[in-house]
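Asks: Line by line, the protein sequences are chains A and B. Going by the numbering used here, the first residue of the first sequence is number 1, and it counts up by one from there. Going by the numbering used here, the first residue of the second sequence is number 1, and it counts up by one from there.
No lab work stands behind these hints, which were simulated from the structure alone. A virtual CB, placed ideally from N, CA and C, is assigned to each residue, including glycine. A couple of the hints might just be wrong.
Unchecked claim - Sample of chain B residues at the chain A side, in silico, Cβ under 10 Å:
#1 ILE7
#2 ILE9
#3 LEU13
#4 ALA42
#5 LEU45
#6 LEU90
#7 ALA103
#8 SER108
#9 THR134
#10 LEU182
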Amino acid sequence: MHLLYSRPPLAGPLKWWVDVNEAPAIPERRTVARRGVFDTFLHALLVIVSVTFVTAIVGIWLLFNGFFDSVQVQTCSTVFVAIIVQALPFLVLGTAISGAISAFVSPAMLSRVFPSRPVLAVPTAGALGMLLPGCECASVPVAKRLIATGVAPAAALTFMLAAPAINPVVLVATWIAFPGRPIVMVARLVASMLTAVITGWIWLRKGDDRVLSRLAATAGREHHASRWITFVEDMRTDLVQAGGYLVIGAGLASILNVVIPQSRLGFIAGIPVLSIVFLAALAVILAVCSEADAFIASSLTQFSLTARLAFMVVGPAIDLKLFAMQTGSFGGRFSTRFAPLTLAVAVLCASITGAFLL
Amino acid sequence: MKRRSEITITIGLGLAAGSLLRSGIYLRYVRPAMYPLLAATAVTLVAIGLASLLKKATPLPDGDDHQDAGPRDDDPHPEHRHRLNAGWLLVIPMLVALVPPPALGASSIGRIAALTLTSGSYTQPIRPGIPALTLSEFATRAIYGHSLADRDVILEGFSTPSPSGGWNLTRLVIVCCAADALAIQVHVDGAPNPGTSTWVHVTGRWQPASAGVPAIQAAQVTITQQPNDPYE
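In isolation and in its complexed conformation, chain B is listed as follows (with noise of 0.2 Å):
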């Protein structure tokens, strides 16, 4: 491959990335604490291309303080690197990062396993007032614990049909990025379905589980934006 692509590939590698970053859309693909690290990366990237587009690189002849490891004497081209190379396939993900596919969603529900949900978490008593759980903590405390008994919380998630009947909210949590997706579900009772894949705020009180699910009566469903980091 030849330097100069190399070096547009670079840049264009980090301006990709830098992107993502400032319109926020890499909350769709990574979790929140990878900000700093692709920060880097883009800023990495950018500032590699243009400095090799600043400083051309002139090898110098054989014989200087380097200790080479492999035989060189007999190529005459010291600058053997221009291969074909797979780097153009990167122009990919650039290109795919100029019209950024949508978050995991309810489609995505069928293919993706359930979280399990481990008895450790959550032991403290819930906050006071009408706190706003994540499906995990709901999930959790409903599973191992009472402490959700007579208590107004409210949850968020989008909607999705429930195998048994009526309507599951539903939540993806992340660990490193969208390819380890696992799902998390409450059954809701008391309220229609305001439409599968739709995001809404759901206020109610646990209820004893439908079906294995953890599930939530529902006082209140309200129609919401998907938040900027969709995953938990």
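The shape of chain A in the complex, shown without the other chains (with noise of 0.2 Å):
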């Protein structure tokens, strides 16, 4: 059976991230928790007291030197702050599942789920992408948690494209967003899902799941005394670690996103190519999220509509943000293979649905 992925052992190089300084687990329980909160207390009362002595010098010296007058850097951090303020209680949804299906769901249940061929697998996923309503922050975890119980790396990579860019949530503003126009709509959903499957039919034939390092370092699930503490255990983990790739994510976007202004970028909207491969690399740099990019697609009236299809599909498959996550989830040798892949497969599949249907 294919559906049940096994993993090679922890390699050596591996290693350098286990502390092996961790305490071993104290059984008698009362203890371990009293000790436990107080620990945390002592712990988060220094992080507090030295990152705001830290902040402070930092600030005082950036007050001096006039850097919070400069309207860039305002513009930078609103920016930064809003996505990461709409991205949050996505996340926060999408490690709940990833939680969930850690601890409740049973690789039997999945193997109910997606057909034990790879190859049929990849299109189930593909299609199970259209119930999970959210941005693209939210199946990054989900995917990872679904590799970890047993699913096939490629079926999960699918569902991780497809679902952000074809839940009903996302065809409906791209329905509204293109007004008269429900044929671009249809276009959209037709070219992610394209491109969700075939990368994950490539992955299955070329792709090397090996390179998925820093999921094997946390993939094996760990048994706690109940389903809940697993579940409360598993969710935290990937909130933090998704979380702090999600900032690197939005931080990057919100810098290039003030840097590269939006309105003068008509001069390109002539050059037929050019401007489907433009459409998509600024896809990739603003990391908007997958619910509001058909309106800034709609707005950019200048280019034909095939460059503003690429734009929607490659969005929720690779951008800043996600490629960020998708380091801190997978590593570093898969993002850096995974994200030209997707981004090659997201363009063809645009331009080809788009001289189609558009």
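Each chain sits in its own coordinate frame; assemble them with the hints.
Replies: Following this line, the structure appears as structure tokens:
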């Protein structure tokens, strides 16, 4: 059975992130709980004091250098906070689902949902993507847990690409953003689905599951006293980790969002092939949430519908925020291979779909 | 990353989200419709943090009813999740939330693309009296119909200099968050510029577009405060 994907044992070089100094768990629960609360409190206090201190020094230095008066810095920090505030609920939703998969879903249950042959599991995963309403931040941790629970990596990755692109909320938003032209919504559905499934199949044939290295270090599920503890533990770990990479992605996106003026991009619109590549690149850079990108696309009126379709197909599949989160969940060796693959497939699928439908 | 660091960050993040909600500052970044989602998020984060705090996780030895997906026999440290982690970076947005940056305004207009208005909306006659219209409604009606003729209306927005001279009344429209803001502008005639990025109420009448931008002939311009929700 191909579904139960067996992972190679932990290799030596992975050991560097294993903290061998961690104290072994003490069986006596009451003491542990009390000490845990006290330790955490002390720890939190220490963190708050040191962070405040460092921030104060850096902040004062920047203040005297007129840093905060700069309009660009202000806009940049507004966009940065905005991306994170917007993404946070979906990140929590995604990690809650990933924690629930880890705690309550057995490989046997998933094998009833996904066909045992990965070639068929990939399109099934694509179709299941229609069920998870939310932005792309939700789908990365879910995909990670699906792999950890035994779904073929190619199928889980297809789910990760499909979920943010073709869920009902996104499709309705696209329908509203292009009034009188429902064909744009259809084209988006077709192109995004093709992108997800084709990328999954390519990964199945050519991809090396061993580069999902970071996952191998966390994937072994821990056995806790109750499933609820497993849920809380895994959700929290996924949340903090994915959140950290969301911060990196949001930071990069906010800087580029401010540096690159959307209002002065019209000069490229007339050049057919270049305009498609250009809007695809813009989608990677802007990292707007997939529920909003249709409205940005509809406002880029100088560009052809096919170029704007590429913007909407690429954005939910790969952007700076997603690249950072994939690096965090699956490791840099994975994301540096998977991101270019996704981008190429997405641009091609959007171009071909656009040529036929738009 | 240490378990207790994760707990600290989870609770901190929940509290930061809660404080942005309580003060209403979240409206500088996202739509008002996000309130219930964000509230649920804040509660969930704090709850997950507290639950982890009160219930110390003690991994059981292998061999219970869980079916494990990966080989683990060779791993002497079951709690091998304490690796270096980007999770600490979540402290940055928490700190920024302590000194929240302002909403997007006049300074970002040069960068932001204009909203494309669509013909399908606002087909009913406008309300009687002197109605307050959103800039989207005014501009849509101005472009696609004549339902504004001979009617006084009130518009709210901030002032930005117009490239063709004079000034525009401007509002930013967001769909999800401030990262996807688009601008909507109405040219104001008949009143001097109250000063760039000043929030005003403009009372006046529709007039034919000026250089492709919908226009209003102002009878009165009143300076006002930035509304709680600065976006449309």
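Asks: Now tell me if each hint is right for this structure.
Replies: Here is what the structure says about each hint:
1. Of the supplied interface hints, the one on ILE7/B holds, with its beta-carbon coming within about 5 Å of a beta-carbon of chain A, less than 10 Å.
2. Against a cut-off of 10 Å between C-beta atoms, the interface hint on ILE9/B holds, since the closest Cβ of chain A lies about 5 Å away.
3. Taken as an interface hint, LEU13/B checks out: its beta carbon lies about 7 Å from the nearest beta carbon of chain A, inside 10 Å.
4. At a threshold of 10 Å, the smallest CB-CB gap from ALA42/B to chain A is about 9 Å, leaving the interface hint in force.
5. Because the smallest distance between the Cβ of LEU45/B and any Cβ of chain A comes to about 7 Å, under 10 Å, the interface hint for this residue holds.
6. With a least beta-carbon distance of about 5 Å to chain A, the hint placing LEU90/B at the interface is held under the 10 Å criterion.
7. At its closest, the beta carbon of ALA103/B sits 7 Å from a beta carbon of chain A; the interface hint therefore holds under the 10 Å criterion.
8. The restraint placing SER108/B at the interface with chain A holds, with a minimum CB-CB distance near 5 Å, inside the 10 Å limit.
9. Contact between THR134/B and chain A, as hinted, is not supported at the beta carbon level, the nearest pair being about 16 Å apart and thus beyond 10 Å.
10. With its C-beta approaching chain A no nearer than about 5 Å, LEU182/B sits inside the 10 Å limit, and its interface hint holds.
Hint compliance for this structure: hint 9 alone is broken.
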